[in-house]
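*Asks:* Could you put the whole structure together from the sequences, leaning on the hints where they help?
Residue numbers (our numbering), protein chains in the order written: chain A, 1 to 98; chain B, 1 to 198; chain C, 1 to 308; chain D, 1 to 398.
It is worth saying that the hints were derived from the structure and are not from the lab.
A quick note: this is a predicted structure, and the numbers were derived from the prediction, not measured.
C-beta: ideal position from N, C-alpha, C; glycine also.
Incorrect hints may have been included.
Quick partial rundown of chain B residues pointing at chain D, CB under 8 Å, derived from the structure [said to hold, decoys possible]:
1. A38
2. S39
3. V42
4. Y47
5. R75
6. E76
7. K77
8. T78
9. Q79
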Amino acid sequence: MVVKHKNIFKTEGTWSDARKLLLKLDTGSWRTERPVLDREKCNYCGLCALYCPPQCLLDRGDRYEPNLDFCKGCGICAKECPRGAFGMVPEGEFIDEG
Amino acid sequence: MNGAVGAEYERRDLIAVKEIRIHGRGGQGAVLAARMLASAFVAEGKYVASFPMYGFERRGAPVVAFTRVDDKPIREKTQIYTPDCLVVIDPGLMTLPTLFNGLQPDGILILNTPKKLKKRPHENLKIGGVINATRIAVEEIGRDIPNTCLLGAFAAASGWLKMESLLACLEEYLSGDILQRNLKSAARGYREVEVIKW
Amino acid sequence: MVEATKKRNRVFDYYCEEDQFSGGVAWCAGCPLELTARTIPKVLGKNMVFVGTPSCAAPVLHGQNMGAWHYLSYLACVMTGVASSATGLSRYFRRTGQDATVVCFTGDGCATDIGFQPLSGAAERAEHIIYITYDNEGYMNTGNQRSSATPRGAHTSTTPVGKVGRGKPTQSKNMPMVMLMHRPRYLATATLSHPEDFAKKLLKAKEMAREGFVYIHVFSPCPVGWRIDSNNVIEVCRAAVRTNYFPLWEAENGQPRLTLEVANPRPIAEFTRLMRKFSHLKEDDLAEMQRILDERFALLKTLCGASK
Amino acid sequence: MKAKKGKVSVMTGNYAAANAARLCRPEVVSAYPITPQSEVAEQISAYVANGELDAEIVEVEGENSAMNVVCAASLAGARVFTATSSYGLVFMYDTLLQTAGYRAPVVMVNVNREPPGIQAVSGGQQDLISTRDSGWVQVIVENNQEIIDQIIMAYRLAEDHDIQLPVMVNYDGYYLSYLAESVEMPLIEDVDAFLAPLKSQPPRPRIIPGAATGCGTHGMEMGYVEARYKHWSALERAREKVDDIDRLFGEYFGRSYGGQIEEYRTDGADIIIVTSGSAAGTTRTVVDAKRNEGVRVGMVKIRLFRPFPEDRLTEVLKGRKAIGVVDRSLCFGWKCGPMCMEIKALTPDIGRMPILSYIDGLANLDITVPHITRVVDEVNGAAQGKPFQEVTWIPMEE
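*Replies:* Shown next as structure tokens:
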């Protein structure tokens, strides 16, 4: 006996809808080095935030700090900072081995 | 592409009532003539189908156009192999070996030529309509576009179509000064055609 | 915008719109394309529609079925269809009075190669769209193959360096100049090392797109394909400008003008040494590269002078 | 309610197509000239130039762009129209797949022409066949009146909320494109009335500036499969919809074409000739003549080629004694023409019987009355147990 195919979708909805949710990747885990700010050197010029590709430097009012959830560790902030306020520290130093 | 080439089909009763095949060259208005003819027949309540057969559209290349006329809707979408009437716009095409292919008994030939027709060109011909349409077109329209003049000659020689229907349908295709000149050209074709009965 | 308590760069004033992208999107660490993509809506505002194609930008720009990585409206189309799809959108938005900036966002592969025909057609028809090319000098998304924007001598996976092969044998298509000859309403080159210049040009582009076709060519080095340290890409952009390898200029109605005149252009070697895609080049190769560069810059200068 | 009688005039298939498109009020039109379609593009431009149609005309630099323009405009919410032929259709192939996959309700006229060979500017359905799995709805029509009526019906189908698919209306190049015959042109207010139900549907998704509406990627893995499944299902639904719309059109305008297929004198027929397009008219003439001779022959004209009218064909072909299928195209790698191949796929449902394949009318050669007569004679012989040839290239055997 042949069973006729029945459509399982009743309604048409062919498209994505960006308002539903934003998919976020754990790009924070891509990092091998982490930017660490020396607040003494920072003069809040904002060049780090300007050049940061993922735009993940958070404005703290008197300085910028990386959002480590998304920072990919490219090091541009450290490289572009005219005062050398960011240092790139290997991620391994932040891992609690215990 | 030429519908007449190599076609030796048996005529069947089931083919439409009247089939007209127009031979010309690109630029002489053969395609438009076939279409005008169709419109004129529609004005008389007939069903028509008309289409040309050509490849690349090139001035001077031989062109064949077809018009079918019937009292009932026409269903066949084929070229015309068994014409009842041939319209030859360019006298040079008279030497075409396939020109008379499939011509039916009691056939009609409408020929544009500056010369007299000395003998019957084909044994199936019954009526000839000979006219120097090129001269008339040049005189009336100012250019060698003899198609409307030949349509006038067709109406006179064949008797299948009223001249009023033909003149009325030209307005669908032409306008202004060109229309007036073509109306004159067609009227002269109707009046001046030499009708020969064999 | 928080008021700066210390010295804050005035470039921030151009970036007044919200970032339309989420954090954590799939672009390589240090890729200037990510910065370019984020910059555009920050300057142009939300009322824009991105039209793009398979490229490095595609996975992010064109979202996914159940969501997306940004809040912008977009149309993802085939490689050959970017400029013409944007045409369809722009015509209908204008006809129905919808205020929108239609922005094509493609790589050099699409703009200079497979999608060039519709781009050229749209420019000729003076469609009201902004066509932004991010030029990474090759097909970086598919693994660093050559495109017609790849410069002479560059090592790519389809013009490899070997016993015989010495990188790409022919010079690149001078795309901004090709587009200039279409006489768009507005044309500009830009790069990320000069964000203020870029932002100004984007603002101008938004205005000019109301009147006609806009083409913007963005120099966008690929840290992976060009083999650059990921922290060095902005420096590469800067070097490209300093050496006149990528001069910054704009043209309204086909009248070019330099927006940044480099006082003492540096030799090309200062650009090529920053990446390994040129590391095999010998002295004569660099000299030839310098010659091509000088020739192109002289042409640009001549045209700039002619329009004064 | 019924439509008023329209004006009867003589026009070519191309003019009929352009005129019908005008009546449907497309908002964005883009087409690139190609023989034998060019008149359609020209005529639409003339309507806009004369103020008879208010549409955006985009004079693109190639068919690929034409399809991209109308696809994108359609996704933004516009009613669109385009026309092409042969290589033009093939040149837009990437976007053809995209348009269907994105569910853009584009209506396109394809004037059938042979695709291989630059010199072969001649009729043939190979362009249609080469795009049959593009996910479009594909309809083939027989004469100029059907061109007009089918274009109007195509909008009703394409923009139906349950369908949302592009529709390709095919007619034979040369045989219909340049054929002048008398047609009745519906009045524009009647076309408006016929298409009005589309306005009361739920709005279809569209690209809105600033509203975060994106179109183009179906997501990965299951998201993609879901989108394909919905696309496939919409095409399945289109079959019945074609029948419904044809019936509604008939009730309103007084002309109908049978929907997915049109049957001609199939009652009591032992043998059936299956064909499509302009050749169907010639076949009717032969069927009439053969019926007069006592041959129990009928004709089936395939109108809907994609989705394939499986059920309607099964119903009409079941229990016959033999079938002849006349194709104006080729199916490379099969010992028969493409439509014949699809009819053969119905064998489990219609039962085993001789199915004879005929290739005819390639390169603009006529499918003539004698050709079809020969087909009927041979199929009739096969029905009576005579040996038959499985595939016959008619022009090669003349």
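*Asks:* Against which earlier hints does the structure fall short, listed by number upward?
*Replies:* none
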